[in-house]
Each structure stands twice: as C-alpha cells, then as structure tokens.
Amino acid sequence: MRRSRGVGLGAWGLGVLLATSPGLMQAKPANYKGLEITVANIERSSTVGLKDCPPGANSIRGLTKPGEEFAIVNLSFKVTPAFRDTLVKKPVLLDASGKTFQTAMSFIDPGSQPEYSCGFAYRVPEGTKLGKIQIDTTTIDLTPFDKR
Amino acid sequence: MEVDRRAFIASLGGTAAVSIMDHEAKAEALEHWMEERLDEAVGQQGATPQKFPSAAELEAQIETRSYRRGVGNLFVNTRGGMMKKLPPMPKNATLKDFFELRFAPANHVLQSATRALKTGMSEEVVLACLLHDVVQSMIKVDHGWWGAQLFEPYIPEKSTFAIKYHQALRFYPDSDAGYEYPDQYLRIFGHDYVPPPHIESTYKMVRNHKWYMEPRLVTVNDLYAFDQNAKVSLDPFTDIIGRHFKQPKEGLGNDNSPSAHMWRTIANPDAPL
Chain A
0 MRRSRGVGLG
10 AWGLGVLLAT
20 SPGLMQAKPA
30 NYKGLEITVA
40 NIERSSTVGL
50 KDCPPGANSI
60 RGLTKPGEEF
70 AIVNLSFKVT
80 PAFRDTLVKK
90 PVLLDASGKT
100 FQTAMSFIDP
110 GSQPEYSCGF
120 AYRVPEGTKL
130 GKIQIDTTTI
140 DLTPFDKR
Chain B
0 MEVDRRAFIA
10 SLGGTAAVSI
20 MDHEAKAEAL
30 EHWMEERLDE
40 AVGQQGATPQ
50 KFPSAAELEA
60 QIETRSYRRG
70 VGNLFVNTRG
80 GMMKKLPPMP
90 KNATLKDFFE
100 LRFAPANHVL
110 QSATRALKTG
120 MSEEVVLACL
130 LHDVVQSMIK
140 VDHGWWGAQL
150 FEPYIPEKST
160 FAIKYHQALR
170 FYPDSDAGYE
180 YPDQYLRIFG
190 HDYVPPPHIE
200 STYKMVRNHK
210 WYMEPRLVTV
220 NDLYAFDQNA
230 KVSLDPFTDI
240 IGRHFKQPKE
250 GLGNDNSPSA
260 HMWRTIANPD
270 APL
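For the record, the sequence lines run as chains A and B.
For what it's worth, numbering that gives the first Met the number 0 labels the leading residue of the first sequence as 0, then goes sequentially.
For what it's worth, numbering that gives the first Met the number 0 labels the leading residue of the second sequence as 0, then goes sequentially.
Chain A with its partners taken away, still in its complex shape:
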C-alpha cells in the first residue's frame, strides 16, 4: 500500500538515485535553530503509522478516504550542539499551488537523540503535487523529490 516516490529503495536504490538526480545531489541540510534537516524521500500511501518525531512504537495507523492519499515526507534530523531543546512547531506542507496541509505528527523531545528520521504524513487529494515543507521559519523545496 505504500509507494515510494523518491529514494526509499534501499541502499542500492539510494546510491543510484543520488548519482543520477541533480536535485538530490545538491540537497544540503536546512538548519532550524541547530536542527539539521534533510529530505530523504517522499512516499504515497492510503494508510500510515501514526508516530511522532523521533518515532516510538505507537501501534495505531491512520486511514484515508477514497480520493485521498497520504503524502509522507521522510526527513532526517541531526541535532547539533547549537540546538536548544524547545518546542518545535509541526512541519506544514505546501502543494505546488501554495495550498497548505497539516500533519497529525508532532515533535516530542526533538533533542533526545543525536540523529533520527521521521515520516510526516499529510492527507492530500490523490495526485497532489508537492511544493515545499516549512518548519516555522525554515522552508525546504520538495520539488526535486516529488517525481509525479
């Protein structure tokens, strides 16, 4: 049910894609108050595990309705010494036209681990082309990762 649209293809696929995609090769971590953020990939799915960030072992899954899908933006985080553990706002997704979407996932103790990866899911109409993701004042362009 979960369809990868980026580099979610294992180590081999990641290597191939990094070597062939100019957009990904140029991807540098964004920095939000000492939290380094890199886009790993984008997936689409009709169901998603509801896990906060960093993820735990919550067992509940969210479901879409017909005509919708979850756009899952997988982000990698590195906590640098400059990071002060405070509340970090939820990332907001903007589609290609600038319409905003909210995620159910939240940051919980974002400074508790040195590095982690999280999938932020957004319930969007099927086929929505993604534009950007924003965490408070930091904006990351998603267009190189959204291959549809």
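These are computed hints drawn from the structure, not numbers from a lab.
Virtual Cβ for every residue (Gly too), placed ideally from N, Cα, C.
Keep in mind that a hint or two might mislead.
What the hints assert, rightly or not - Calculated cross-link-like contacts (lysine-lysine; reagent style PhoX-like; alpha-carbon spacing at most 20 angstroms):
{"id": "1", "chain 1": "A", "residue 1": "Lys89", "chain 2": "B", "residue 2": "Lys117"}
{"id": "2", "chain 1": "A", "residue 1": "Lys32", "chain 2": "B", "residue 2": "Lys117"}
{"id": "3", "chain 1": "B", "residue 1": "Lys157", "chain 2": "B", "residue 2": "Lys209"}
{"id": "4", "chain 1": "B", "residue 1": "Lys50", "chain 2": "A", "residue 2": "Lys64"}
{"id": "5", "chain 1": "A", "residue 1": "Lys88", "chain 2": "B", "residue 2": "Lys117"}
What the hints assert, rightly or not - With the C-beta cut set under 8 angstroms, the calculated list includes, among others, these residues of chain B facing chain A:
{"id": "6", "residue": "Thr118"}
{"id": "7", "residue": "Ser174"}
{"id": "8", "residue": "Gly177"}
{"id": "9", "residue": "Tyr180"}
{"id": "10", "residue": "Gln183"}
{"id": "11", "residue": "Leu222"}
{"id": "12", "residue": "Phe225"}
{"id": "13", "residue": "Asp226"}
{"id": "14", "residue": "Gln227"}
{"id": "15", "residue": "Asn228"}
{"id": "16", "residue": "Ala229"}
Dock chain B against chain A, hints included.
For chain B alone, coordinates are given in the frame of chain A:
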C-alpha cells in the same frame, strides 16, 4: 515469538506492578501481550491488506461472549479466568490513590497526557487527557459522558467539556487539527460503522463551539498513546492535579458530591447491591 521483556514489563505498569502479580496473572498477561503483538505484526504487513469486520459481523459475535463489550474493566475478566481480590482503598482516597489502586496501569491515559504536556497544550487539556478514559474501569459504553459526570464536581469546566465530547469527535477526522481516522475503529466498530444520530448531532454542535479544540486535542493525543514501550508515570502531573483537581478532604466517594456514588462503585466493585 521473541518476547521483549522490557516492553512487556512496561506494558504492565513496570516492575513494581509486576512484583505484586501472582504466577497465574503473569502467565495470563504474557499470553495476552503476545496475542496483541501478533495482531499488530499481522496488521502492519503492508503487502497483505487487513480484512476488517463489518458492523453486522461484530453484532453476530454478541452471543459468543459471556459478557457485554460495554462493561467496565473492573467487572469482567475478558480473557477468562477468575477475578483477583482488589487492594483496599485508603479512608480518604485521593485521585492518586484511584490511579494506583483502581485505574492502574493507566498506561494509555498517562501516555496521552504526557504527549499533551510535551507539546505545550493547556493544563485543562493535559488534565482532560489524563482523565479521559479512566471511567472505563467502571463502564466503557458512552465513556465520554460517564467520565465527564464522574469528574465534573472536581475539575475545570473546559476539562469536563473535553472529556465528554472526545467520544463523539473521534469518529470525525480533522487533518487541520492533526486527527486522522484510526484503523483501530474499523476493527472494533466495523468497517461500515455509521455513528448513531446523537453522535452526529453532538459532533455538529461541538464543531461550532468555541471550545471545539479542547475535546479535539484529547482525540489527537489519544491516537498517539498506544506505544507498548512508553515509560510513563503520574509524577509529572502532580502539580497540574494540585492546581486543578478539587480533592475533597473526606475522600472521593465520601463527599456527597453528585458523582460520589460512582467513586464508591469504582472503589468497591465487589459490593453485591
């Protein structure tokens, strides 16, 4: 199946809770825990879509059980086997006493309130998350309304509102508020379940209410409070309880409040009449 010993002990409320269980209770708990992990593992196999029951199929199961699904946790052993004698309540029982002696392990509500606390929600919402499901020890059906009634004499109006109406809001996703429809409800209500008219009309009323976000945030935190590895405690909530819970000096159940009888029922579920 490999058993994660730490996760299993945590699911029972920690080593202290396990130490007071007898061998039979431990074996029973382990069996149940393994069943749940298996269900989860099967449920999360992405390549194999789950088959959820219909509401009619769930209704057909009624006559296969020796209890009704709406009964409170203190009154039935849904896994079979005998009841255990409950520890006595202190004379002037506090909310903390009820958490330790009747609601335990209360892991789900503690996780829910912990998340509310860590995401900076108001103290009224944190308190509502902490209390939103504990009435299920007495009764499960209509637990939002029962829970609100149980706590109404003691907590802020907003918290009561949040507890009462989270029951209706949970059937209606709201992405903007961070609430998704959980697969768990397909399993327990049926994939074709339609909320009854009173739930629908309650939802519409609350959706337009100025306090809509209070019960909505209870549902949001509710979804993220099923982590078998979470380590939680009542301690972080001591101050919030102190500020917002009007603890009667006579003890809960002895204060002649409109819900004192409900506290006595939870304290003494073995009373025959």
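We went through each hint and held it up to the structure:
1. Lys89(A) x Lys117(B): Answer holds: Lys89(A) to Lys117(B) is near 13 angstroms, not above 20 angstroms.
2. Lys32(A) x Lys117(B): holds, 18 angstroms
3. Lys157(B) x Lys209(B): holds, 11 angstroms
4. Lys50(B) x Lys64(A): holds, 16 angstroms
5. Lys88(A) x Lys117(B): holds, 12 angstroms
6. Thr118: holds, 5 angstroms
7. Ser174: The hint holds - Ser174(B) has a Cβ within 8 angstroms of chain A, the shortest such distance being about 5 angstroms.
8. Gly177: holds, 4 angstroms
9. Tyr180: This hint holds: Tyr180(B) lies near chain A, its Cβ roughly 5 angstroms from the closest one there, short of 8 angstroms.
10. Gln183: holds, 6 angstroms
11. Leu222: Holds, about 5 angstroms.
12. Phe225: holds, 5 angstroms
13. Asp226: Result: holds, 4 angstroms to nearest chain A Cβ.
14. Gln227: Check passed: Cβ of Gln227(B) comes within 6 angstroms of chain A, closer than 8 angstroms.
15. Asn228: holds, 5 angstroms
16. Ala229: holds, 6 angstroms
The structure fails none of the hints (numbered hints given earlier).
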